[in-house]
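*Asks:* Sequence:
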Amino acid sequence: MKVVEEFDNKLLGRKELKVAKTYDSNPGKEKVTQDIIKNFKTDEANFVIKSIKNSFGSNEFVIEVFIYDSEELKKKYEPRKKEKKK
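No gaps in the numbering here: position 32 of the sequence shown is 227 in this note's numbering, and each next residue is one more.
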């Protein structure tokens, strides 16, 4: 993984990263999650994958990730998902 852009947001207690990596096909969140854990040595509970994008015909994907200092900060600043209606 190659870091394209990095911003240390001290106010929110997180690193905002744009990372580029080459995959054969669309990697999906599971594959990207494993790569982020391996490369940045963080816990799965401390980061959020915001987007996975690529250009048409290219194998290089740009992944936008927010890595928080702690799980509490992540819960505080990330929007909650809506619950499904019954």
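Source of the hints: derived by calculation from the structure; they are not laboratory data. All residues carry an ideal CB built from backbone N, CA and C; glycine is no exception. Fair warning: there could be bad hints in the mix.
What the hints assert, rightly or not - Simulated pairs of lysine to aspartate or glutamate, DMTMM-like, Cα-Cα distance not exceeding 20 angstroms:
1) Lys210 to Asp264
2) Lys248 to Glu266
3) Lys210 to Glu273
4) Lys276 to Asp219
5) Lys269 to Glu239
6) Lys270 to Glu255
Stated by the list, open to error - Here are the simulated distance ranges between beta carbons:
7) Asp238 to Pro274: 16 to 24 angstroms
8) Asn221 to Lys281: 16 to 24 angstroms
9) Asn234 to Glu278: 19 to 27 angstroms
*Asks:* Next step is simple, just say for each hint if it's right about the structure.
*Replies:* Hints, verified against the model:
no.: 1; hint: Lys210 to Asp264; verdict: 8 angstroms, holds
no.: 2; hint: Lys248 to Glu266; verdict: 26 angstroms, violated
no.: 3; hint: Lys210 to Glu273; verdict: 14 angstroms, holds
no.: 4; hint: Lys276 to Asp219; verdict: 31 angstroms, violated
no.: 5; hint: Lys269 to Glu239; verdict: 11 angstroms, holds
no.: 6; hint: Lys270 to Glu255; verdict: 31 angstroms, violated
no.: 7; hint: Asp238 to Pro274: 16 to 24 angstroms; verdict: 20 angstroms, holds
no.: 8; hint: Asn221 to Lys281: 16 to 24 angstroms; verdict: 33 angstroms, violated
no.: 9; hint: Asn234 to Glu278: 19 to 27 angstroms; verdict: 33 angstroms, violated
When the structure is compared with the earlier hints, violations turn up for hints 2, 4, 6, 8, 9 and for no others.
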